[in-house]
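Asker: Kindly generate the complete structure, drawing on both the sequences and the hints.
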Amino acid sequence: MAAGKKVSWSLENLVDFEVAVRQSPRVDSEVGRRIRDEIRAENLTDLSMRRWGFKEWLRSKKTGAGGKVVSVTRLLAVILLAITFLMGIGVIRGIVTKVDGNSSLNIWVLLAGTIGVQWLLFFGGVITFLLARYWVGGVGWLKHLLSSVVRNLAGKISPDTWRSLIQGKGKQPSALAWRLTRLLQLVGVGFNVGLIAGLFGLLWFTNVHFYWESSLSQFGGESLGKLTRFLAAAWGGGGLSDSQISGLKDIAGGSGGENWDAFFRFIFAALFVWGLLPRLLLWGLAVLKERKALAALEFQDVEHRKLWREISRVERTVTMEGMKDGVVLLDVGGVGIATDAIRPFLLQRLRVNPEKSFAVGILDESEEREAWQAMKEAPCGVVFLVEGWDLSPKQIMALVARIRKEAGAGTVLRILVMGDGIAPPDADDFKTWQEFVDGMRDPKLECVAFEG
Amino acid sequence: MNEWVTDAPTFAVVGKVNMGKSSVLSTLLEIDDDMLIRVSSTPGETTRCYALPLTFDDKEMIRFVDTPGFSRALEVMRVIQDLHGEGTPDRATIRRFVDEQMEKGEFEDEARLLEPVVEGAGVLYVVDPSKPMRDAFVAEMEILRWTGTPRMALLNDKAENSDRTEDWKVRLGSYFNLVRTFNAHHARFEERRSLLKSLLEIDEKNKNLIEQTIRLIGREWHQRREESAEFIMDFLAKALKHRETEKIDEKEEELEHRKERAKERLRKRYYSSIATFEEQTYRKLLKLYRHKLLKIEVVDEKFHGLDLSSEETWQKWGLSRSQLAIAGGLAGGAAGAAIDIGTAGLTHGFGTVIGALTGAGGAFFNGDSLPELKITDQGVTFHGDRRKALIMGPPESDNFAWVLLDRVLHHYQEIVTRSHGRRDVGTIDCEGEGWVRKFGRERRTLIQKWVIGQLKGAERSFDADVFRELVSVLVEVEKS
Chain A
1 MAAGKKVSWS LENLVDFEVA VRQSPRVDSE VGRRIRDEIR AENLTDLSMR RWGFKEWLRS
61 KKTGAGGKVV SVTRLLAVIL LAITFLMGIG VIRGIVTKVD GNSSLNIWVL LAGTIGVQWL
121 LFFGGVITFL LARYWVGGVG WLKHLLSSVV RNLAGKISPD TWRSLIQGKG KQPSALAWRL
181 TRLLQLVGVG FNVGLIAGLF GLLWFTNVHF YWESSLSQFG GESLGKLTRF LAAAWGGGGL
241 SDSQISGLKD IAGGSGGENW DAFFRFIFAA LFVWGLLPRL LLWGLAVLKE RKALAALEFQ
301 DVEHRKLWRE ISRVERTVTM EGMKDGVVLL DVGGVGIATD AIRPFLLQRL RVNPEKSFAV
361 GILDESEERE AWQAMKEAPC GVVFLVEGWD LSPKQIMALV ARIRKEAGAG TVLRILVMGD
421 GIAPPDADDF KTWQEFVDGM RDPKLECVAF EG
Chain B
1001 MNEWVTDAPT FAVVGKVNMG KSSVLSTLLE IDDDMLIRVS STPGETTRCY ALPLTFDDKE
1061 MIRFVDTPGF SRALEVMRVI QDLHGEGTPD RATIRRFVDE QMEKGEFEDE ARLLEPVVEG
1121 AGVLYVVDPS KPMRDAFVAE MEILRWTGTP RMALLNDKAE NSDRTEDWKV RLGSYFNLVR
1181 TFNAHHARFE ERRSLLKSLL EIDEKNKNLI EQTIRLIGRE WHQRREESAE FIMDFLAKAL
1241 KHRETEKIDE KEEELEHRKE RAKERLRKRY YSSIATFEEQ TYRKLLKLYR HKLLKIEVVD
1301 EKFHGLDLSS EETWQKWGLS RSQLAIAGGL AGGAAGAAID IGTAGLTHGF GTVIGALTGA
1361 GGAFFNGDSL PELKITDQGV TFHGDRRKAL IMGPPESDNF AWVLLDRVLH HYQEIVTRSH
1421 GRRDVGTIDC EGEGWVRKFG RERRTLIQKW VIGQLKGAER SFDADVFREL VSVLVEVEKS
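Protein chains in written order, with our numbering: chain A, 1 to 452; chain B, 1001 to 1480.
Keep in mind the hints are simulated off the structure, nothing from the lab.
Hints are not guaranteed to be accurate.
Derived DMTMM-like pairs: lysine to aspartate or glutamate, alpha-carbon spacing no greater than 20 Å straight-line [unchecked claim]: (1) B:K1287 / B:E1478; (2) B:K1205 / B:E1297; (3) B:K1268 / B:E1244; (4) A:K376 / A:D442; (5) B:K1284 / A:E315; (6) A:K324 / B:D1033; (7) A:K306 / B:E1227; (8) B:K1292 / A:E355; (9) B:K1292 / B:E1030; (10) B:K1238 / A:E315; (11) B:K1207 / A:D37; (12) B:K1287 / A:E315; (13) B:K1238 / A:D37; (14) B:K1287 / A:E310; (15) B:K1059 / A:D37; (16) A:K356 / B:E1227.
Predicted model, so just to flag it, every value in this text is computed and none were measured.
Answerer: Following this line, the structure appears as structure tokens:
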């Protein structure tokens, strides 16, 4: 895939990536080079480069952990859906009571046991979540429980990796946390489908009576009327009328009739709108949020940043070698002139740079070794620094012979003849030096007079 | 075979001696190492041509050739004219001149500097506009014009806005395809990048490679900035969580003078550790930005002497008391609000109010508290040896973090604005103004929340939002 294309990340990819980035963050050199070549050729934003580059890197790192996590969540979804579906049927079956030998359902108990309990749990959950988010770092206890179940079933994912997957990153929500939310909402969907199926089955297969009569004044007909009107307002219905409620009151009342028909329509609509629909909406929201979280992955954790640096490292390599004009300055006889003082002359006239300087005669053994090595490496050879009056032929001949032996026959040697201090040499002195050097007949040896 | 020009776009940097050619290249290529590019005020420092390739991932993207510089341009011009005879000399004549002079050696420097040009390298002609226009310069421009290669003139404005700059621009305009100003001693990253962009205008055939190089340089800088933000966050987190412990025996506990001595030892160790963390951070930043000549002078005494209760410190570094109180209040209020939301409003907003008041009050009153020495009541266990201990750190004052951040930002600016063309050994000192007071409220609150978390010993020192904010801060520091 070319770097310029938009890259989509799935939860499976993300889990694989987080596991791989912590287990084996090594970058294969070939993979790294391929990614670098691609991203350098394209003018992309940092984020799109990162998303594409990591996906490419992940191709060389199959961990299998992502597949397991996704399979476990799917399996759990099926199991939870089945269990909660049966629970829904069970709840309906459980609130049926036998009155005068007839199967009867108390309308108050029915509403409380189906819709009421769910909403109570929902509000309780919201409050717990808000408090828990502050205290336990972003995951409600149910999700926390589900999270550890998924992690244990999915196999070897380290606690650190799992924490990084389940916790949001700054303003970034966690895709895995939304997947778990999705699972939790599926629990609600299963339960409500179970309730509807249970009620439908009950009405289809048995002769069930409805009543609401209660000894408590709060659970009277008026309250029931208000409640049904409130619940029906959600789908624009009018709830049950006073006469319909009166017709439903009697525990001994027979089945059928228009009051019952009105109640059937009401209770199915209420279970759908107040039970199933919110769960479906929340489930849809969780799906959407998970997708959004995956689409907005920024990969800004320390580990991600480290890996990205290794993959995309843009760093210049120093392949330059500098100027090859270095010489070794050899002070013969202790002239004692500072290198800086004659440096401009060496640079401008001889076009060489005194990189290192040594003094003959005062070298200790280690310094001497260093000096021979430097002479061998100096691209432009050696410059002897001598005073015009101080020509000791044997010393110079011995020195030249030693340098030829140590540094090689090809080393260029120059004898820089100085006067008294930083001054040109006396003309006669320089002539003597020139004659001496000419007499040595060494093509790589020359004599130069200092010019102030 | 070409010695200087390769498949990569190649530019010869030419000009009269001592105009700052090497200095321009040092800055452009971020090299402050004399072993690679020698820069000095001695004329003739560059004795021969040498290649300075810019290589990314083993691929040469662009190549500059540093040259010895013209020293006898008028004479050279005449020799070339004589070689050519009537009419205007062309590149072939100059090639002949180069070949001849390489053997003769009379105009060796000029022959050397023209060698890459006749091979086809583009020309970057460097002049110092503070110098008067002389005939020798005109001769140089004329010779370069005869080569027929794409060329750009660079005004290396050492004196900054010299009176002669405009005259130079007019004159150069008639000889060069492009004229740009570039101060080798002050050019920052943007100016360097902009100079590279200018190369696109004189070398269209290598457009792709030059564009790619500019992109790579941009990414490299971006990467450095992000790494810098990580270093700074790491340093702050380390400094804020740092604790020094020293066990004390009964005598030290009871005899005041011995206790004082132990305290002093501990205090010194604490500040020395903070100074070490800071120094390590600067070393990393210097390496990242390829500085060898810039030195750091961080001594623990500077920290030791950092008195948060002195007015001078408050005026210079960190947040002001009111800013600190507001940041503390907002961070505390946010924490309290979570409790209000958690209780579905049952606390009637008391959480927010109490959080804000505690945060603001704490920040205001503890703002001038240095890291405090504590003697533990229960004692601390040292490998089974249960004795009382002196503990120093983490700091009581939230402002300690802001002061540290201010200093790092100040030094960061010194590092990123220091030009590689300079050869004086610079030192990073503590003089200068603070940055954090200029931060907006939202930024202050975000960082303050992170600081509080770190002071409480948060497990993770990295926070993506704070990191992003810090990167934005660094962008501002670089630009100012």
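Asker: Give a verdict on every hint.
Answerer: So, going through the hints one by one against the coordinates:
no. : hint              : in the structure
1   : B:K1287 / B:E1478 : holds, 17 Å
2   : B:K1205 / B:E1297 : violated, 48 Å
3   : B:K1268 / B:E1244 : holds, 10 Å
4   : A:K376 / A:D442   : holds, 18 Å
5   : B:K1284 / A:E315  : holds, 15 Å
6   : A:K324 / B:D1033  : holds, 15 Å
7   : A:K306 / B:E1227  : holds, 9 Å
8   : B:K1292 / A:E355  : holds, 19 Å
9   : B:K1292 / B:E1030 : holds, 10 Å
10  : B:K1238 / A:E315  : violated, 28 Å
11  : B:K1207 / A:D37   : holds, 18 Å
12  : B:K1287 / A:E315  : holds, 12 Å
13  : B:K1238 / A:D37   : violated, 37 Å
14  : B:K1287 / A:E310  : holds, 17 Å
15  : B:K1059 / A:D37   : holds, 11 Å
16  : A:K356 / B:E1227  : violated, 38 Å
When each numbered hint is compared with the structure, violations occur for hints 2, 10, 13, 16.
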